[in-house]
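Enquirer: Each chain, written out:
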Amino acid sequence: GQQVQQSPSSLVLQEGENAELQCNFSSTATQLQWFYQSPGGSLVSLLSNPSGTKHTGRLTSTTVTKERRSSLHISSSQTTDSGTYLCATSSNTDKVVFGTGTRLQVSP
Amino acid sequence: EAAVTQSPRNKVAVTGGKVTLSCNQTNNHNNMYWYRQDTGHGLRLIHYSYGAGSTEKGDIPDGYKASRPSQENFSLILELATPSQTSVYFCASGDWGQDTQYFGPGTRLLVL
Numbered sequence: 001g002q003q004v005q006q007s008p009s010s011l012v013l014q015e016g017e018n019a020e021l022q023c024n025f026s027s028t029a030t031q032l033q034w035f036y037q038s039p040g041g042s043l044v045s046l047l048s049n050p051s052g053t054k055h056t057g058r059l060t061s062t063t064v065t066k067e068r069r070s071s072l073h074i075s076s077s078q079t080t081d082s083g084t085y086l087c088a089t090s091s092n093t094d095k096v097v098f099g100t101g102t103r104l105q106v107s108p
Numbered sequence: 109e110a111a112v113t114q115s116p117r118n119k120v121a122v123t124g125g126k127v128t129l130s131c132n133q134t135n136n137h138n139n140m141y142w143y144r145q146d147t148g149h150g151l152r153l154i155h156y157s158y159g160a161g162s163t164e165k166g167d168i169p170d171g172y173k174a175s176r177p178s179q180e181n182f183s184l185i186l187e188l189a190t191p192s193q194t195s196v197y198f199c200a201s202g203d204w205g206q207d208t209q210y211f212g213p214g215t216r217l218l219v220l
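Chains as they are written, first to last, in our numbering: chain A, 1 to 108; chain B, 109 to 220.
Next comes chain A alone, as it looks inside the complex:
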């Protein structure tokens, strides 16, 4: 079945730096979504991007479907961006599969 690998597993930045998070998946996916989990555990959908490039606020996601990879770029990071970023895919043959996440820590 589908496997989703995220890298790096953890990332430490200074406030204002940019972050680049990667998501690689083993099989074709028809849906791809990025989520944010706060240090307290709450989950928020960030954006859905099965192909191409999508922007929302300081977030940019680029998904190259043929290469089975997606990235999430966070510009001008803030301390409030600290938390875990999860990538998840879904396809016609596989149900939802989540990666184990990238833990981001942004220092002031």
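Simulated from the structure, these hints should not be mistaken for lab results.
Glycine included, every Cβ here is placed at the ideal spot set by N, Cα and C.
Some hints here could point you the wrong way.
Stated by the list, open to error - The calculated label-pair distances, taken between Cβ atoms and stated as ranges, are:
1) A:V64 / B:D203: 20 to 26 Å
2) B:H149 / A:E15: 30 to 36 Å
3) A:Q5 / B:V196: 19 to 25 Å
4) B:G159 / A:T56: 25 to 31 Å
5) A:G16 / B:G171: 46 to 52 Å
6) B:T208 / A:E15: 29 to 35 Å
7) A:E67 / B:K126: 31 to 37 Å
8) B:A111 / A:G57: 30 to 36 Å
9) A:E17 / B:K126: 45 to 51 Å
10) A:S10 / B:R216: 20 to 26 Å
11) A:S7 / B:K165: 26 to 32 Å
12) B:P177 / A:T80: 37 to 43 Å
13) A:E15 / B:S178: 41 to 47 Å
14) B:R216 / A:K66: 36 to 42 Å
Knowing the structure of chain A, use the given hints to seat chain B on it.
Expert: Just chain B now, with coordinates in the frame of chain A:
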């Protein structure tokens, strides 16, 4: 403001006991989902529903039942709880693959 609530927020159960986790959404979404989150596994889909009266198996349905009696409510039922079901459970509503997916705050379940 779209909202998903879960109850209880914390639960301690005994092995072999019955546990019911409840989820309520005020988003008027057709789709609802139950996930569990464990260290090293990320989130895994247990059951989901397309609307009142509908329940579908996710990736790890064994040991769990689901019930969707209404548009707003979706329950996860552990008929015979086992220690391996100790986890954090999240409910969500919305369209998977769209931006409009909202999660509840989670329920921490400990099965002794």
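Enquirer: Identify every previously stated hint that the structure contradicts and give their numbers, smallest first.
Expert: Hint check: 7 and 8 fail, others pass.
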